[in-house]
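Please build the complete structure, drawing on both the sequences and the hints.
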Amino acid sequence: MSSIPCAIVGVGQTHHKSRRLDVSFGGLVREAVFRALDDAQMTFADIDAVVLGKAPDLFEGVMKPELYLSDALGAIGKPMFRVHTAGSVGGTTAIVAASHVQAGKHRTVLAVAFEKQSEGNAQFALGSGKGASLGAGGAFAPFIRSYIHRSGAPEHIGWKVAVKDRLNALKNPYAHLQIADISIEKVKASPMMWEPIRFLESCPSSDGACAMVLTDEAGGLAAAAAGRPPAWVLGASSRSEPPSFPGRDPVRPQAALMCAADVYKQAGITNPRQQIDMAELYVPFSWHEAIWLEAFGIAEEGDGWKMIDDGTTELGGGFPVNCSGGVLSTNPIGASGLLRFAEAANQVRGAAGEHQVEGANVALAMAYGANSQYFSTWAVGSSLTPYA
Amino acid sequence: MTRFVESTITFPYKRSLGPVVGMFMTALTEQRILGIRNGTDVIVPPMEWDPATGAELAHDFVEVGPAGTVESWTWVPKPSAQHPLTHPFAFAFIRLDGATTPLLHAVDAGSASALSVGTRVAPRWKGTRIGHITDIDAFVLGETPEVAGPDHGPSETPVSMMEYQASITYNNPVPVAADRVVEASKAQRLLGQVCPVCARVYAGGRGYCPIDAVELGTEHEVDLPDKGTITNYALVTPVQYPGQTETEPFARVFVLLDGTDVILSYQPVIELAASDVHVGVRVAAVWASPAEDIDEGAAMGGAYGALIGWMPTGEPDHTDPDLVNRIF
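Those protein sequence lines, which keep their order, are chains A and B.
Quick note on my numbering: the first sequence kicks off at 1 and runs consecutively.
Quick note on my numbering: the second sequence kicks off at 1 and runs consecutively.
One or more hints might be untrue.
[As the list claims (entries may be wrong)] In silico DSSO-like links for lysine-lysine, alpha-carbon gap of 27 Å or less:
(1) K14(B) to K64(A)
(2) K186(B) to K130(A)
(3) K17(A) to K78(A)
Honestly, the hints are just simulated from the structure, not real lab data.
This is the structure in structure tokens:
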């Protein structure tokens, strides 16, 4: 199925913190939006449609924030869309925006995602407003226990990921957590939150936003000609599955396997480990790096943890993962997926700053949500034929 | 007849107002109403951006009012608990003197007949002002601002935050299948439903098979054993958010029912300390006594109805190494 090539020509994000009490909702998203527009050398006048993503409205208690923010996002008189697929929403937002371009419906689309976690409480929101909320950690700990059991991975794997991503965050001025003295000892000594997940193996709660400008082939080529290399969408896919049914495997969810297969087919990727140069995987708890390396076919089943153990996924390793610091360092939930997709784009644009993977031509980004049941993934390249 | 269960969600949200709305709220505590200049317009309440174009506005504030003119209004004959006044009033668009946009607020006009387009109104300030739009109690007829009760003066510090106590009450329909399992639980029966296509068995009254998209009715019901084995679990250190019911670390376990492939997910444990929960513990259902109040609602996952949790049987642990992978 042929479609119009889609290029990412602008990326922006806020400085993420526990509490961005200095800004309003609108002020927060606009901080990211203007950085993306400046990066694209555009203004609101160049935008044909806006796509907004965020996690459940219960997080901030603002119903339908897409209506509330339409003027802040310069969307008056333009198509405005809201996306919601739980934690994967930021990724899905980018995919919906890209779909508008690829379908030829809108030439240039602004994708925006945000969360202002300080306005509410994540455990409250994830527990549907009731007591005894498991929180995300409580929901995912059983899946991690199952992964550790079946893979035989040693317990230090989780600690290593927790340290690696925080070291990467020190190279990312936008990252929320900046833990200069992060170490295995420090992670081990941190409190057990949801056995086997320790505090420092968990993501923070952040206020923040991310924005991206996506445009068509002519727009991408124009940016390239002006010395501003775009990222090109090689493949993009979303898949979902029911939250529970007898036989469901949340460690290798069917939706994740299908999402990966679809993206690789679109992108012409037959050997992910060799053809992809880096990945931004949605890792809110350290063990998810190993889980997704396997479910996304980057490692064989049971071998994901070995890529962590031998340093392959470190910045400078053979297959760097979460060079931005990842969700473990920055987690404005609704924006966390878009931040993954934005980092992948910046990597192939050569615009990732101190956490740049040298010579990255193909990058993968994924986000997942709810009970490990929504998946969004894209592969982006420095050109439409990056393997040639 | 579908049964409905009422539930209320409340939460005290905390808004950061940003530099422009913060300025407006701070001024309200001083009995002043601010607008912001946007070209030849003065927007009230002030905004950070041009609502038409999204362009950033300079912080060029203009004091407006305090009196203004009603441009449009609607009468509220029966105020609800969430309305600003307890007796009948009007919501009105009021163009304050000096403003080019109307402000939406309440007018305490006595009766609808006292209002018309063009009516002049002025604010009645609350005596205690915190930096909230309700610092204006309501607008009253005439040109002269009032203060209701003793005036406690302006805020001593700039207002930057707003508390927002959200509350919403739902009436959730309880699916027939869920009603059936709650009823069965009162007779200490665990009811399941078998999908006629894939033969998967669902507990907890789901009423459909999500794999085959088949509705499951009474003809698909089966009785399930009330003993099983803990396959996996979550240990949670509770965060003390408003509405939290737990204060101590608690466990939720997955129970594989004997001789079936049925997992009951996120079940509470009884007479088993969270720290003693592990894979393989043999457990039996614990039922509420008929005299006890039970949760008549039914949610997917968790205990329901008269099933209040699971307690150890004292039998030796089940040691199947694949148990831990049986989560759903």
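Subject >> Violations among the numbered hints, reported as their numbers in ascending order >> reply: 3
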